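Working from the sequences, and respecting the hints, build out all of it.
Chains as they are written, first to last, in this note's numbering: chain A, 1 to 341; chain B, 1 to 341; chain C, 1 to 341.
No wet-lab data here; the hints were simulated from the structure. There's no promise every hint is true.
Where chains are identical, the list cannot tell them apart; a pair therefore holds if satisfied intra-copy or between any two copies.
[Claimed, not checked] In the SDA-like style, the derived pairs of lysine to any residue whose C-alpha atoms are separated by at most 25 Å in a straight line are:
#, residue 1, residue 2
1, K336, D69
2, K296, V21
3, K316, D285
4, K296, L322
This one's a predicted model, so the numbers in the text were calculated from it and none came from an experiment.
Listed here are the chains, written in short residue letters.
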Amino acid sequence: MSQLDLTLDQVRALLGGGTLVGSGAFLCRGVASLGAAGPSDLSFVRGERNFNDARESAAGALLVPTPIDGVGAHQLAVPDPFLAFGAVLRVVAERKRHQVPGVHSGAHVDETARIGEGVTVGPGAVVSEHASVGDGSVIYGGAFLGSRSTVGADCVLHPNVVVMEDVDIGDRVTIHGGSVIGADGYGFMQHEGRHLKVPQVGRVVIGDDVEIGALTTIDRATIDATVIGRGTKIGDLVHVGHNCRIGEDVLLLPTVAISGSVVVGDRAVFAGRSGCVDNIEIGADAVLAATAVAYKDVPVGARVWGNPARDQGQEKRMQVLLGRLPGMASDLRDIKKRLGA
Amino acid sequence: MSQLDLTLDQVRALLGGGTLVGSGAFLCRGVASLGAAGPSDLSFVRGERNFNDARESAAGALLVPTPIDGVGAHQLAVPDPFLAFGAVLRVVAERKRHQVPGVHSGAHVDETARIGEGVTVGPGAVVSEHASVGDGSVIYGGAFLGSRSTVGADCVLHPNVVVMEDVDIGDRVTIHGGSVIGADGYGFMQHEGRHLKVPQVGRVVIGDDVEIGALTTIDRATIDATVIGRGTKIGDLVHVGHNCRIGEDVLLLPTVAISGSVVVGDRAVFAGRSGCVDNIEIGADAVLAATAVAYKDVPVGARVWGNPARDQGQEKRMQVLLGRLPGMASDLRDIKKRLGA
Amino acid sequence: MSQLDLTLDQVRALLGGGTLVGSGAFLCRGVASLGAAGPSDLSFVRGERNFNDARESAAGALLVPTPIDGVGAHQLAVPDPFLAFGAVLRVVAERKRHQVPGVHSGAHVDETARIGEGVTVGPGAVVSEHASVGDGSVIYGGAFLGSRSTVGADCVLHPNVVVMEDVDIGDRVTIHGGSVIGADGYGFMQHEGRHLKVPQVGRVVIGDDVEIGALTTIDRATIDATVIGRGTKIGDLVHVGHNCRIGEDVLLLPTVAISGSVVVGDRAVFAGRSGCVDNIEIGADAVLAATAVAYKDVPVGARVWGNPARDQGQEKRMQVLLGRLPGMASDLRDIKKRLGA
Numbered sequence: 001m002s003q004l005d006l007t008l009d010q011v012r013a014l015l016g017g018g019t020l021v022g023s024g025a026f027l028c029r030g031v032a033s034l035g036a037a038g039p040s041d042l043s044f045v046r047g048e049r050n051f052n053d054a055r056e057s058a059a060g061a062l063l064v065p066t067p068i069d070g071v072g073a074h075q076l077a078v079p080d081p082f083l084a085f086g087a088v089l090r091v092v093a094e095r096k097r098h099q100v101p102g103v104h105s106g107a108h109v110d111e112t113a114r115i116g117e118g119v120t121v122g123p124g125a126v127v128s129e130h131a132s133v134g135d136g137s138v139i140y141g142g143a144f145l146g147s148r149s150t151v152g153a154d155c156v157l158h159p160n161v162v163v164m165e166d167v168d169i170g171d172r173v174t175i176h177g178g179s180v181i182g183a184d185g186y187g188f189m190q191h192e193g194r195h196l197k198v199p200q201v202g203r204v205v206i207g208d209d210v211e212i213g214a215l216t217t218i219d220r221a222t223i224d225a226t227v228i229g230r231g232t233k234i235g236d237l238v239h240v241g242h243n244c245r246i247g248e249d250v251l252l253l254p255t256v257a258i259s260g261s262v263v264v265g266d267r268a269v270f271a272g273r274s275g276c277v278d279n280i281e282i283g284a285d286a287v288l289a290a291t292a293v294a295y296k297d298v299p300v301g302a303r304v305w306g307n308p309a310r311d312q313g314q315e316k317r318m319q320v321l322l323g324r325l326p327g328m329a330s331d332l333r334d335i336k337k338r339l340g341a
Numbered sequence: 001m002s003q004l005d006l007t008l009d010q011v012r013a014l015l016g017g018g019t020l021v022g023s024g025a026f027l028c029r030g031v032a033s034l035g036a037a038g039p040s041d042l043s044f045v046r047g048e049r050n051f052n053d054a055r056e057s058a059a060g061a062l063l064v065p066t067p068i069d070g071v072g073a074h075q076l077a078v079p080d081p082f083l084a085f086g087a088v089l090r091v092v093a094e095r096k097r098h099q100v101p102g103v104h105s106g107a108h109v110d111e112t113a114r115i116g117e118g119v120t121v122g123p124g125a126v127v128s129e130h131a132s133v134g135d136g137s138v139i140y141g142g143a144f145l146g147s148r149s150t151v152g153a154d155c156v157l158h159p160n161v162v163v164m165e166d167v168d169i170g171d172r173v174t175i176h177g178g179s180v181i182g183a184d185g186y187g188f189m190q191h192e193g194r195h196l197k198v199p200q201v202g203r204v205v206i207g208d209d210v211e212i213g214a215l216t217t218i219d220r221a222t223i224d225a226t227v228i229g230r231g232t233k234i235g236d237l238v239h240v241g242h243n244c245r246i247g248e249d250v251l252l253l254p255t256v257a258i259s260g261s262v263v264v265g266d267r268a269v270f271a272g273r274s275g276c277v278d279n280i281e282i283g284a285d286a287v288l289a290a291t292a293v294a295y296k297d298v299p300v301g302a303r304v305w306g307n308p309a310r311d312q313g314q315e316k317r318m319q320v321l322l323g324r325l326p327g328m329a330s331d332l333r334d335i336k337k338r339l340g341a
Numbered sequence: 001m002s003q004l005d006l007t008l009d010q011v012r013a014l015l016g017g018g019t020l021v022g023s024g025a026f027l028c029r030g031v032a033s034l035g036a037a038g039p040s041d042l043s044f045v046r047g048e049r050n051f052n053d054a055r056e057s058a059a060g061a062l063l064v065p066t067p068i069d070g071v072g073a074h075q076l077a078v079p080d081p082f083l084a085f086g087a088v089l090r091v092v093a094e095r096k097r098h099q100v101p102g103v104h105s106g107a108h109v110d111e112t113a114r115i116g117e118g119v120t121v122g123p124g125a126v127v128s129e130h131a132s133v134g135d136g137s138v139i140y141g142g143a144f145l146g147s148r149s150t151v152g153a154d155c156v157l158h159p160n161v162v163v164m165e166d167v168d169i170g171d172r173v174t175i176h177g178g179s180v181i182g183a184d185g186y187g188f189m190q191h192e193g194r195h196l197k198v199p200q201v202g203r204v205v206i207g208d209d210v211e212i213g214a215l216t217t218i219d220r221a222t223i224d225a226t227v228i229g230r231g232t233k234i235g236d237l238v239h240v241g242h243n244c245r246i247g248e249d250v251l252l253l254p255t256v257a258i259s260g261s262v263v264v265g266d267r268a269v270f271a272g273r274s275g276c277v278d279n280i281e282i283g284a285d286a287v288l289a290a291t292a293v294a295y296k297d298v299p300v301g302a303r304v305w306g307n308p309a310r311d312q313g314q315e316k317r318m319q320v321l322l323g324r325l326p327g328m329a330s331d332l333r334d335i336k337k338r339l340g341a
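Below is the structure:
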C-alpha cells in the first residue's frame with residue numbers, strides 16, 4: 001500500500017546489516033502487515049508467536065528475528081525486527097510527506113518574521129510579526145503562527161494548527177492538524193454577580209522532541225508559562241489547562257484532560273480519557289489507567305485506577321467486592337430470616 | 001426562521017401527494033417547530049400526542065398524520081409527517097448552503113490535482129498534488145486536502161476540515177468544520193529509555209454516505225488502513241484511533257472515543273461519551289449506553305452500560321444493589337448488636 | 001515575562017488610587033507571579049496567607065491588601081489586589097494582542113458583506129455573502145464567517161474559528177482558535193434499515209459577553225435556535241448539542257459535553273468533564289461536580305456528583321459506604337460462620 005521501492009540489499013544497508021536468506025536484489029515495492037502484505041511487499045515478524053502467520057503471509061520479503069523455515073519469502077534476520085521495521089517506515093513516511101522547501105506564494109509571512117534555511121511554508125499559512133521559524137521546519141497550509149512566537153529547527157506544524165502569540169517551541173516538535181497552542185486558559189472571577197475575565201498574558205513553552213496530536217488544546221499561563229517537557233508525547237483531543245507543568249518523556253494518550261495548574265512528573269503516563277482536577281501533583285513514573293480521574297496528588301510511581309482514582313490493588317479489590325454484592329445481599333436476607341427479623 | 005417560500009400545493013407535489021384540508025395556494029414562508037411557528041410557517045405533527053400542541057400552535061400550515069379537528073391551520077395529511085417534514089427541510093438546507101460551483105480565485109489547487117464537474121472550491125482551500133475531487137463536491141474555504149487523497153462525488157468538506165495525504169473518501173460524504181482525517185495514530189515504542197515514534201504510513205478509507213461531525217479525529221493506520229464503513233454516522237469531537245475497522249451503518253454519537261485497532265460490527269451504536277480500549281471487538285448491533293466504557297469484547301447484539309461496561313440487566317441490578325447499601329449496612333449493624341458481637 | 005512598562009504611579013492612576021509605600025517612579029517592566037517575578041516585575045499578594053511568599057519574592061513591586069513589613073519591594077495597597085492585578089493584566093493583554101485595524105489584502109471578504117468601523121480581518125479569513133461584522137471586532141487569519149451570519153461589536157474570532165451560516169453573535173464575544181459554531185446537530189432517523197439525515201436548518205444565537213474556548217462545538221438547531229445566554233463562559237473542547245438553550249452567566253468548564261435539547265438555567269455550573277444526556281433540564285444555580293453525568297432533570301440550586309449524578313450528600317455517603325464494603329464482607333463471613341451457615 002505504502003510505497004518503499006528499495007531492494008532488500010538497500011534495506012539491509014539502511015539497517016546497518018542483517019543476515020539475508022534469499023535474494024538481496026528482491027525489490028520491495030511497499031510495506032504492509034503480515035495479513036495484508038502482497039508478493040511485492042516487505043513485512044515483519046515480531047517474534048515466535050507470529051511464525052505461523054509468517055508462513056501463511058503472501059509477503060514477498062520479511063524482517064525476521066531469526067530465519068524461519070517453511071517461509072517462501074526472502075528473509076532478512078535482524079536483532080529487533082519491530083525496531084528495524086520502524087526505521088524502514090521512517091523512510092516511507094519522509095517520502096510520503098516530502099514538502100518542497102520554500103515559502104508558497106499564497107502564504108502570508110510578515111516582513112518582520114524570521115524564516116530559517118530550507119523552511120517550507122504552505123499556501124494560506126500565516127506567520128505573524130516578529131515570529132520565527134527554525135531551519136528545516138515545515139509550516140503546512142492554513143497553519144497560524146502568532147506574534148513573537150518561535151518554532152525551532154526541523155519542526156512540523158500540520159495544516160490549520162494554531163499557535164497563538166508568545167509561544168516557544170523547541171526543535172523536532174510535531175503538532176498535528178488543527179491543534180491550538182496558547183489559547184487563553186479558563187480564568188474568571190466573580191465580581192458584582194458577573195463572571196469577570198482574568199486576562200491570560202502568560203506563555204506556553206514546549207520542549208524538544210515533543211509530539212502533539214490533532215485537535216489538542218494547550219492553554220497559555222495566566223502570567224508565567226505552561227510548560228511541556230522534552231520528549232513528551234500527546235495524543236488527539238487532549239486538553240492541558242493553563243499553568244500546567246508537564247515533565248519530560250510523559251505520555252498523554254488521546255482524549256486525556258488535565259485541568260489547570262497541575263504538575264506532572266517525568267515519565268508519568270495518562271492512559272486514554274484519564275484526567276485530573278486542578279492544582280494537584282502527579283508524581284514521576286505514575287500511571288493513570290484508562291478513564292481514571294485523580295482528585296488529589298498521585299505519589300511517585302503509583303498505579304491508579306477508577307474515578308475517583310485509587311491504588312490499582314485497592315480498586316481491583318473494590319471491583320471484586322462489587323461483584324459479590326448480589327451474594328452479600330442474599331446472605332443478609334437469609335440471616336435476617338433465620339434470626340426471625 | 002428558515003426560509004421555504006413554497007405553497008402548500010408545491011409541498012404536496014414535493015412529497016408526491018397527501019390529503020389537503022384548506023388552501024393549496026397558502027404560501028409557507030418558513031419552517032419551525034409547533035411551539036415556535038408563526039402564521040406564515042409550516043410545521044408538523046408527529047402523532048396523536050401532539051394534537052393538542054397543534055391546536056395551540058400559531059403555525060399557518062401543518063403536515064399531519066390525519067386531519068385534526070379544531071386546528072385553524074391549513075393541513076396536509078401524509079402517512080409519515082416526520083419523514084415528510086425531513087424532505088421539506090432538505091429543500092431548505094440545500095437552498096441555505098447553496099454554493100456557486102467553481103474554483104475561487106483565492107483557492108490553492110495544485111496543477112496536478114483533478115477537479116470534477118460542478119465542483120466548488122472556496123477561498124483559502126488547499127488541494128494538494130495528485131489529489132482529486134469528484135463531480136458536484138464542495139470544498140469550503142480553508143479546508144485542506146492532502147497529496148494523493150481522493151474525495152468522491154457529491155461530498156461536502158466544511159470549512160477548515162483537514163484531510164491529510166493518502167485518504168480515500170467515497171461518494172456523498174459530509175465532514176463538518178475542523179475535523180482532521182488521517183493524522184498520525186498514537187504509536188510510540190520504548191527505545192533506550194525514550195519514546196521512539198513508530199511512523200504511521202497507512203491510510204484512511206471512508207465509505208459512501210458517511211457523515212462526520214465537527215472537530216472529530218480519525219487517525220491513519222500504522223501500515224494498512226483505518227476503515228469507516230458505508231452509511232456510518234459520526235458526531236462532533238469523536239476520536240477513532242489508528243487501525244480501527246468501523247462497520248457499516250454504525251452510529252458514533254458526539255464525544256465518543258475509540259482506541260486503536262478496534263473492530264466495530266455493522267449497526268453497532270456508541271451513545272454519547274461511550275468508548276472502548278484498544279484491540280477489542282464490538283459485535284454487530286451491539287449498543288454501548290452513554291458513558292459506557294468497554295475493556296473487553298462486546299458480543300453481537302449486546303446492550304452494555306457502565307464503566308466498566310456490563311450487560312445492561314446486570315448493571316441495572318448493580319445500581320439497585322448500590323441503592324440498598326445503606327439498608328444493608330444498617331441491617332449488619334443490627335445483626336451484630338443482636339449477636340452481641 | 002509579559003511586558004507592562006508602566007511606573008507604579010501610572011499603575012496607581014489606572015487603578016484609581018491606592019496607598020503607596022516606596023517610589024511611584026519605579027518602572028514595572030513586566031508582570032509575574034510571586035514565585036517567578038524578578039526585580040523589574042510587578043506581582044500581587046492576594047491575602048495574609050501569602051505574606052511570607054511576598055517577603056521571599058524577588059518582585060520589584062507588589063499590589064498588596066495592606067502594607068507588609070519586611071518586604072523590600074515597592075508596595076501599592078489597594079482594597080482587592082487580585083481584582084486590581086486583573087485590571088493591570090488587561091492592559092498587558094490588550095497590548096499583546098493589538099491588531100492593526102483594516103482588512104488584510106489576503107482576506108476574502110464577499111462584496112455583499114458589511115464590515116463595521118475599525119474592524120480587523122486577518123490574512124486568509126473568509127467573510128461570506130451577506131455576513132456582517134460590527135465595529136471594532138477582530139477576525140483573525142483563517143477564521144470563517146458563513147453566509148448571513150452576524151458578529152456584533154468588539155468581538156474577537158481567533159484564528160481558524162468556523163462560524164457557519166445563519167449564526168447571530170452578540171457584542172463583546174470572544175471565540176478561541178478552531179471552535180466551530182453552527183455545525184449540523186446529530187440528527188438521523190431510521191428509514192428502510194438505513195440512517196437518514198434529518199436536515200438541520202435552524203440557527204445558533206450567542207448573547208453578549210459570552211466567551212468560548214478553543215476547539216469547542218456548538219451545533220445549530222434542527223429548525224429553531226440553539227441559544228447561549230449573555231455572559232456565559234465556555235471552556236476548550238466543550239460540546240453543546242443542537243436545540244440546547246443555555247442560560248445567562250452559566251459556566252461550562254473545559255471538556256464538558258451537553259447532549260441535544262437540554263435546557264440549562266442561569267448561573268448553573270458544569271465542572272470539568274461533566275455532562276448530561278439529551279432532553280433534560282438543569283435548574284438555575286445547579287452545580288455538576290467534575291465528571292458528574294446527569295441522566296434526569298437536576299433541580300434548581302442542586303449540587304450533584306458522580307455518574308449517574310446524585311445529590312452531593314447522597315454521593316458522599318455512597319462513597320463512605322463503598323469504603324466500608326471490605327468490612328461489611330468480612331462481618332458477613334464472621335456472622336455466617338457463627339450461625340454455622
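Hint-by-hint comparison with the structure:
1. K336 - D69: The answer is neither: 68 Å in one copy and 61 Å across copies each exceed 25 Å.
2. K296 - V21: Cα proximity of K296 and V21: none, with 56 Å in one copy and 40 Å across.
3. K316 - D285: The answer is within: 20 Å in one copy meets 25 Å, while 30 Å across copies does not.
4. K296 - L322: both (24 Å within a copy, 18 Å between copies)
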